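The task is simple: from the sequences and hints, build the whole structure.
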Amino acid sequence: MNISGKSLQTGLYIGLVMLFVAMIGMLNVFSTRYIVADTLTLSTIMLVGVFLATGYVAAGQSGKGDPAGLGVHGALAGGIVALILSGLALIASQFDVRYVFVNVTPELATVLASGQESLVVGLLILVAAGAILGALGGLGRLLPPKPRDIGLYAVLMIVVIGMLQDQINTIIALPDALLITGLIAVGYGVALRRSRDRLQTRLLIAAAVGAALGLILALALIVGGASGAGTPQAFGGPLPPILRSFVAEKNAAGIIVLLALVGAALGVTGGAFSAATGGTHTGGVVIVAALLALGVLNSAGRMTVPVALASLVILIAARLLMTRTAAQASQAYETLKPAERRVSQTVITLAGLVFVLLIPQLLSNYINNVLDLVGLYVMMGLGLNIVVGFTGLLNLGFAAFFAIGAYTSGIVTTPNLLTCGGVSPASIPAQDIATVCTGVTTFWVGWLVAIVVTGLSGVLLGVPVLRLRGDYLAIVTLGFGEIIRLVTLSDTFKPYLGGAQGVANIPPVSINLSGLVAGMPPETLQALGPLGEFLRTPQHLTAPNQVYYIILIGILATLFVSYRLANSRLGRAWRAIREDEDVAQAMGVNLVRTKLLAMGIGTAFCGVGGAIFASYLRSIFPNSFTLLISINVLSLIIIGGLGSIPGVFVGALVIFGLPEALREFQEYRLLMFGALLVVTMLLRPSGIIPPATPRLEEQAEKALSQEGVKA
Amino acid sequence: MATQVGDIRAEMTDRSNPAASALGYVSRNLLTILGLIVLAWLIWRGVSTIAAGEYTLETFVRQLIFGLAQGSIYALIALGYTLVYGILRMINFAHSEVFMAGTYIGFFFIDAMDHSGFLAENTAISLLIVFAAAIAASVLVAVGLERIAYRPLRNAPRLIPLITAIGASTFLQRAFQGLFGSSPRVYPDVHFYVFPQIFNTLECGVAEGVEVCRGLDLISGRYNVNVFGVELVFRPIYFLVFITAIIMMVALTQFVKRTKTGKAMRAVSEDKATAALMGINVDRVIVTTFVLGAALAGVAGVLFALYNSQVTPTMGFVPGIKAFTAAVLGGIGNISGAAVGGLFLGTVESVSPSLLDIPSQLKDVIAFGVLVLVLILRPSGIMGEVLTEKKA
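Chains as they are written, first to last, in the working numbering: chain L, 1 to 711; chain Z, 1001 to 1392.
Treat the hints with caution; some may be incorrect.
[Unchecked claim] Okay, the calculated beta carbon distance ranges per label pair: (1) Z/P1157 x L/A212: 53 to 61 Å; (2) L/G151 x Z/E1270: 52 to 60 Å; (3) L/L143 x Z/I1148: 53 to 61 Å; (4) L/L353 x Z/F1108: 52 to 60 Å; (5) L/L90 x Z/R1258: 49 to 57 Å.
Derived from the structure by calculation, the hints contain no laboratory data.
From a predicted model like this one, the values you see are computed outputs, not experimental measurements.
Think of the CB as a built atom: it goes at the ideal place given N, C-alpha and C, for glycine as much as any other residue.
And the structure:
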């Protein structure tokens, strides 16, 4: 059999890439991270994955179809990769090259040698593994696509969950997860069985069944009681906090009502999913499967081998379920009448809303913080999406507007030269500050001011650059961004902007509804329980899971504006400018006004996020707003899909959320980020979620295709 | 529709209403007027500083020399930007990393030679080796960029290669950081003595009991001189940088003007398709362009490190932006323009803080400010042909 040179070449290229990965120290860092407790480290998984992938790709390149040919080529390519790495290990162990290559340490050699005492033995194991796994990867080409994809996806999910296992601190214990899954499944099944009825009837029955089950649970809880004084346990796991207070007070009515309601809600949700569009259905299955897997993880505390296997089973089952029933569900959706469809969509939207509202309470502070920052990036991304995605005005200095928003809000809500009427706050005695500094306002006013100021500054920036084209525009905006950063950093403006120390002691977002309930007698407030408490005292949103809600409001507002504008005349004008300015102008689009509107609105979104950022962090520094952030935002909308609104969310999660959650990647985040940009541009320039064609164009296309184009 | 357009046109050229036309004139040229106002303000500041006696001739000459040296570096890097832009109409955002790569790799060579003593004994050859290594490294990075990141995207809409370049730039910075660590590497002091016969009063010391005067130290020397009544500290390295840059630029200009490859480069930059039809190997020409730009950047890198000493993986960013400003200033796509732009920017940057009484913290703002002013007032640059289309 002749050996195809191409597959050897593949092995060589991948080997060189892995050489680089090893030399920058990634393998060292990964080897300290256990994905499956005490058994598999991230570096091991990486090597295994790379060998399999090498074999797979090389076998494909070889053009052979028979198992022998595939296996041999895979083995050869995998072996080459392993050989290159072994060479590095030998060098690392014999010579000290750390003066030049700081990460090529003897530890690296040990990692590559699978921790064996004898280097030679370890490296032989490495080469053997490379060959065998490569062969397996090559043989993987023989598998039919479906099992292959499913298996791949399940393993990937396990790795991701394993990497996140320290962060995911859910209150969803295994019993809770099982109950939720069960109730939803019951609702799903019930609705499915009665497919001949109207959707509303189906949902009602599902709700009834769910409520009944909830009732049974409640009775079991009341009769059986909960054990343990500190954290009451029942059904084999800790009780959710809401139930705890009711159980403690022996509030039987409360327990029954709560569980019945929850049962009904989950039943209805399950029922609605049985007749939903394919995408929604898939989303629902993914979320439920994830909850279940997390419950399993939570029961053991870490990902041990049994947990990993159980999660694998759950995920594979979910994937199979998804493919089989998604078609069924979307078929059912097609048969629904419009009124029924609205009902289904409303239920699912409500369920989604509840889920989104509850999420921060289920996750750890760390992940909530990540989610918050992702949310801020989403707002910036939506703004930049309008400027770059819709209108095509390249902007590399967007972080500057975020800075303007944050600084404006920060300045307006703290005592300083501006708000104290030109007097330095340091010279005012503490008790007089409130009376002298009349300019200091609450967050809410500051928020509005920030939005307006940022929008205006966007328009101001837009004016000089109207004439500029593509690359020049990029560089000028980059220059502006840097100018703003340097100005905020400088001593010249220190009295107003705080210089390198920035603005400090910014008050948090506070909700003060006490004015509303000022007239109420105290007994009424007491009866309202927690709600009364909430109304009476000023609430300061300081913790990540509290700021989450204000960020959610910001996102919803910007999302709404984005969506409406995207499908409006202005949005079409923007897209026309992006495609070809001259033609747009000839068609009557006022270039100046449209471009300035794009800049103004886009930057105003930054103001929305910037003000929240200032109040969340409580103090802001010039170095929070570097060029890197601008590039981050630009990349997230490009990788998510330029001009597509869901793409912004995906992009933010991928570029910012995932690496933040994965500590090990911190050092290499920018490296992978740069590589991701290049690879995405080379392979999939339209991004992960390319923009959908706007509605009118879609309708036009449909109309044309139905009638046929009659000349 | 036709009537509407006609109305608009009539309105725009309506000379019967003097107020309207004056307002129209101002609003159309608002930017230019604003830019000129800023310029006038700056000039006034400068004049008043001189008049107040806070700015002496000595300061000026000192800063001018430093500015010319710095500007030469910018010019050399700017040539890389301008060459690539001329051929591919794209900004090679990662050129700053090409510059950095040369300097960084050059460090390892000069460091090794310093430790072994080779540097002190055979300074000339050592320097040649360092330059060669830096050029090789820069060229390698540039060619790699072209083959992997730019070539597949040659026909893509303009945004995509730009993003790719940004990604490549970030990647290269962090790759160097990951491979070699982020702590700064310091170029050793290099002493390159020349002309002991002419400068027989300089660098005198006792060696083996005999007094030896080694001559002018080209790289590290500092000498007090009196030129036309002005007291200066003269560093030959600045002079060396300037001369080297001039020589390289003249060589490049001649290369592009006279050699066959140079002609091919000009042809490809004018019209790629026709050049290909004429039998020119477009790929090879493009690679040659990248190689030339990278070689110049490598030379610039070593020169920069010789008087700046510190080398880090992120050192390329600021000189890169300034070099790009210089290229635009001189007219992008224009070789002599890049040279002029670089020298001009270097001088302005060096002289302005004292002359215009701008705090030195805001020094970088000057470069960005120049960029913005140029792009507003004269996008084609000082010496450039109009490669940009004005819109809106």
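Against the earlier hints, flag every one the structure doesn't satisfy and list their numbers going up. 3
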